[in-house]
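When we follow numbering that gives the first Met the number 0, the leftmost residue of the sequence shown carries the number 0, and every step to the right adds one.
Each hint should be verified, as a subset may be incorrect.
As the list claims (entries may be wrong) - List of simulated lysine-lysine pairs, DSS-like, C-alpha gap at most 25 Å: (1) Lys44 <-> Lys232; (2) Lys179 <-> Lys225; (3) Lys114 <-> Lys44; (4) Lys12 <-> Lys1.
Said to hold, decoys possible - Beta-carbon label-pair distances, calculated as ranges: (5) Ile201 <-> Gly224: 20 to 28 Å; (6) Gly68 <-> Ala195: 22 to 30 Å; (7) Ile209 <-> Lys28: 31 to 39 Å; (8) Lys223 <-> Glu121: 17 to 25 Å; (9) Glu166 <-> Thr202: 31 to 39 Å; (10) Lys1 <-> His162: 42 to 50 Å; (11) Gln91 <-> Ser56: 19 to 27 Å; (12) Pro171 <-> Ala39: 47 to 55 Å; (13) Glu66 <-> Val164: 34 to 42 Å.
Calculated directly from the structure, the hints in this document are not laboratory data.
Only a predicted model underlies this, so the values are computations on that prediction, with no experimental measurement involved.
All C-beta atoms in this analysis are idealised placements derived from N, C-alpha and C, irrespective of residue type, glycine included.
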Amino acid sequence: MKIALIGYGKMGKAIEQIALSKGHEIVLKIDINNAADFNAANLAKADVAIEFTGPHSAFDNVMKCLELGVPVVCGSTGWLEKWDTVKASCEQTNGALVYASNYSIGVNLFFELNKYLGTLMEGHPEYNVLMEEIHHTEKKDAPSGTAITLAEQVLAAISRKKHWVNETAATPDQLEIISKRIDPAPGTHTIKYTSAVDDIEITHTAHSRIGFAGGAVLAAEFLKGKKGIYHMKNVLGL
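Required output: the full structure, derived from the provided sequences and hints.
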């Protein structure tokens with residue numbers, strides 16, 4: 000499979016390493032130093048693009064791939080206020096897109112665990128629930144996209160929580176998310192249910208970027224030849 004890497008930072012390089020080890024070819028690598036090479040002629044060489052940049056460029060990058068007919072795997076977070084526009088473009092162009100806030104296989108299993116625990120805890124109002132996420136200092140958005148996904152799952156399950164806040168909760172109906180930026184942490188997410196008698200806590204800790212990169216390549220393999228919008232739940236058959 001021929002892959003275009005849109006974003007060639009630490010994640011892009013980790014994705015390249017995994018892709019090459021699986022016999023794929025990298026036909027295009029785009030970063031801030033060669034943005035002009037991100038064009039129709041060069042994208043046409045690729046079977047799929049993998050986009051890992053940042054919240055300020057991801058939307059335009061994804062739209063460009065869809066408009067040029069290149070299936071795209073996007074792992075950038077912090078831009079989902081424009082999701083409806085991307086969804087409409089994908090439908091209009093009969094394109095293909097995988098989006099996930101986190102491509103780690105372990106994190107996506109963790110998502111399922113979080114949803115199930117939330118359904119168990121809904122009937123136990125004596126437990127408060129709060130969250131913490133830790134990332135490296137280069138992480139541009141807070142809370143992380145993964146933390147937001149986890150928070151939305153908790154809100155869907157726990158009716159006594161109405162919305163999340165990225166600070167200490169001021170009222171009982173707020174779901175507290177504390178974001179910490181500490182090097183060299185690649186990512187830790189914790190959901191904690193606490194009561195007067197005991198605590199229940201689940202945590203996912205990433206040891207390196209390899210897990211995220213491997214999942215992104217798996218998503219690219221899954222997307223080849225498909226049309227429509229998919230998520231890691233589809234890729235993993237969950």
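(request) Hints the structure violates: just list their numbers, smallest first. (result) 1, 2, 3, 5, 6, 7, 8, 9
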